[in-house]
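A.B. asks: Note that the protein sequences, when read in sequence, are chains A and B. Its first residue numbered 1, the first sequence is counted upward by one per residue in this note's numbering. Its first residue numbered 1, the second sequence is counted upward by one per residue in this note's numbering.
In short, the hints are calculated from the structure, not lab data. Heads up, a few of these hints could be off.
The list that follows gives simulated cross-link-like pairs (lysine to aspartate or glutamate, EDC-like), each with its CA atoms no further than 20 Å apart [unchecked claim]:
(1) A/183 <-> B/372
(2) B/334 <-> B/445
(3) B/251 <-> B/239
(4) B/273 <-> A/198
(5) B/332 <-> A/178
(6) B/374 <-> A/178
(7) B/225 <-> B/239
Computed from a predicted model, the values in this text were never measured in an experiment.
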Amino acid sequence: MTNNKKINFTWSTQSVVLLVIMAMWIFLSIFTEEFLTITNIQNVLKQVTIQGINAVGATLVIITAGIDLSVGSVVAVVNVLFAMLLVGGTPIWFGVLMVLALAAGLGFVNGFFVHQFRVPPFIATLAMMSIARGAALLISGGRNVFGLPRSIAEFSSGTFLGIPNLFWFLIAVIAFMEFLLRKTTFGRYVYAVGSNPEAARLSGINIRWVIIGVYLIAGLLWGLSGILETSRLWMGVPNTGTGYELDAIAAAVLGGASLMGAQGSAIGAFLGALVMTTIYNGSVLLNIDPFWQRIIVGIILVTTVSIDQIRSKRS
Amino acid sequence: MADEINSTYSVIMKNITKTFPGVVALANVNFELEEGEVKGLVGENGAGKSTLIKILTGAYTPDQGEIIIFGEKFGALNPIIAEKKGIAAVYQDLMLANHLTVQENIFLGNELSKLGLISKKEMTKKTNELLANLGYKGIIDPLDKVGNLSSAHKGMVAIAKALAKNAKIMILDEPTAVLAEKEVNELFHVVKQLRNNGISVIYISHRLEEIFEICDNLTVLKDGKVVGSRKVEETTEDELITMMVGRELKKDFYVERNIGEEILRIENLTNSKVKHCSFSIKKGEIVGLYGLVGSGRTELARALFGADPIEEGEIYINGKRINRHSPKDSIKRKLALIPEDRREQGLALRLSVKDNINLPIYTRISKIGIIDSKKEKDNTFNFIESLSIKTPTIYQKVENLSGGNQQKVVLSKWLASESEIFILDEPTNGIDVGAKEEIYELINDLASGGNAILLISSYIPELMAICDRILVMREGTIAGEITREKFSEGKILSLALKTENNKAGVRND
Chain A
1 MTNNKKINFT WSTQSVVLLV IMAMWIFLSI FTEEFLTITN IQNVLKQVTI
51 QGINAVGATL VIITAGIDLS VGSVVAVVNV LFAMLLVGGT PIWFGVLMVL
101 ALAAGLGFVN GFFVHQFRVP PFIATLAMMS IARGAALLIS GGRNVFGLPR
151 SIAEFSSGTF LGIPNLFWFL IAVIAFMEFL LRKTTFGRYV YAVGSNPEAA
201 RLSGINIRWV IIGVYLIAGL LWGLSGILET SRLWMGVPNT GTGYELDAIA
251 AAVLGGASLM GAQGSAIGAF LGALVMTTIY NGSVLLNIDP FWQRIIVGII
301 LVTTVSIDQI RSKRS
Chain B
1 MADEINSTYS VIMKNITKTF PGVVALANVN FELEEGEVKG LVGENGAGKS
51 TLIKILTGAY TPDQGEIIIF GEKFGALNPI IAEKKGIAAV YQDLMLANHL
101 TVQENIFLGN ELSKLGLISK KEMTKKTNEL LANLGYKGII DPLDKVGNLS
151 SAHKGMVAIA KALAKNAKIM ILDEPTAVLA EKEVNELFHV VKQLRNNGIS
201 VIYISHRLEE IFEICDNLTV LKDGKVVGSR KVEETTEDEL ITMMVGRELK
251 KDFYVERNIG EEILRIENLT NSKVKHCSFS IKKGEIVGLY GLVGSGRTEL
301 ARALFGADPI EEGEIYINGK RINRHSPKDS IKRKLALIPE DRREQGLALR
351 LSVKDNINLP IYTRISKIGI IDSKKEKDNT FNFIESLSIK TPTIYQKVEN
401 LSGGNQQKVV LSKWLASESE IFILDEPTNG IDVGAKEEIY ELINDLASGG
451 NAILLISSYI PELMAICDRI LVMREGTIAG EITREKFSEG KILSLALKTE
501 NNKAGVRND
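With these hints in hand, go ahead and build the complete structure from the sequences.
C.D. replies: Put into structure tokens, the structure is as follows:
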């Protein structure tokens, strides 16, 4: 009995979010002319890509009862470095490899300090947030990087099978993460560490590699976001990505991830990101003062989590 | 006062009964404490000492009986009334904040203030007065951080804190557990000081020699009943032990088994919690490990499994000395630890039955990191059936299962790992009688199948009903060993309780 309730409940966190999205889409379709146009839908899909990838990474970390605040800064340093490499004539494939390696390395450092020195994840990644942002500003001299090949910008505006190129990356990331979390030993260990690290350790799980692996994969995803961001902006912007960490965490939590650990999924993260993107897109179409967007996001976030808490207490 | 009864008694507890689901923790207990008396409360683990104390401090409500504090009658206390009436339990580790100063700790929540501003000077003065009462003025600085003090001095601060709240009845629960020998004498000195000031003390300790040294009278509890009260000068350690024993398990679960060759041997195992422990286990053998709370049983198990570091000593498995030592290595060597606290250490509560059971064996049921979900499910169904785990589906979160079923999930986890040496730490703790019997049968089956079992329990009858041998721990070391034909609760308890000079006698008995 309780079991069915429990399954329904985890499902319903996501289904509630899905309903919210549908309601918003119906509302926007009726009250704006532009919302339900191919151009705008493609726009939404483009916008949700980077948010979504970030949210998937944040979810992975949150499942281990951790947190990663370095998202936006890593995106920025990757964006700036990638732009500078391309401007300097580095082949694209090599530039991609280099910045992905860098992003993974930064993630590794996060994980290393969290596990090895027991630095609370909030602090370790806050430090990384500051360091990576500083590095982005330092290498660019605080100025935007221009002069990227046109093909870079064309990539982000292109489509494949009618779906924006960028969005395919999000699909791939979600598929990869769902597979990792559901089908692999690593995925099981991530949840186990998030639920009870001591029980996991006594079950013979190498906690070190789980924690470091999680932050490393998250870093790699931020790296991908940074590359796509470069394509979208067609330049390197050292101040880009400010506030991404909050968006990513909010989307993860909206999608059912629990900051207590052991709960969350990639699909959920995507739905959370879609809520946020719809709000941003919708408020532009409705001519709402953009400053309202953040207020709305905040209200939705605290409401969803409160409902969640009340329901989990009741069960 | 209307209910004035007898003013020389600070506490009279009459016919106190307290039951928990499935257990009678206290049955018609009578307990008296005179003003200025130091009274020892002794009994085995689970005899009901803590329950009695919790009723006196208002943490538990008795099912029936009455409590008379300084002549005033109560059906039940609550923590606020208990404190007002001057009852204070001194648990030094729980009561003090290490990063605050001595005086801040003593007046925590009752800060002395003038016009809302904390008056440090006044607090220092009062603290010094309190410390002077205990003979510690000038020795403990009111402005020193508690974290910098020795264990003994922390204890004094905890006592001073109770005095600051006008405690008249002080409960010291295992106060010497964290003290060195010299510090114990300091504590005794302070206890005598308290007695001279007219304060009544309830003194709980497993160390009988302390009871004899510091108490005036004592009360022995067994199975939730008072078996007797004595003046200390009129009794002996042997008499107390005789009073404490005599519990029985209704059934004997022992089965004859073929005992094979030695599979595990540890020599001189030492770390911060255990000292020079040596023993061995053979295939098919069930070896019990008994000790009172704090004797180092769990710590020995954890060190053996690689959960805690080892400083000295060797572990041999199948005659081979092992070098690297972590839980992961132990699992590879077919060791299994079923930990004492299943919720804290045994289970990932928010994960499903399936995920928990398969946790130690995912490497075996996966290829290049991808789980064979058919094997995973089959394995789960097997154990749900063979141990009759009551769960609606394999996806149920284990936090929603009953204690007995949770314990079966932990056991399944380690049965699945195909271990050969099982360390079970209090496997029947907090589960109902039916589930207990199933677990005894399971342990027997495991041993009959040629596995070696180390069974840790604080319940002697349980060990006597199933083990081939029992090892007894005392103060971090193995105090002795008793074989099945010589089992007696008295012998086991004396090994666990008694002082050095008595130990040798029992071992050769």
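A.B. asks: Which numbered hints are broken by the structure, listed smallest first?
C.D. replies: Checked against the structure, the hints that fail are numbers 3 and 5, while the rest are satisfied.
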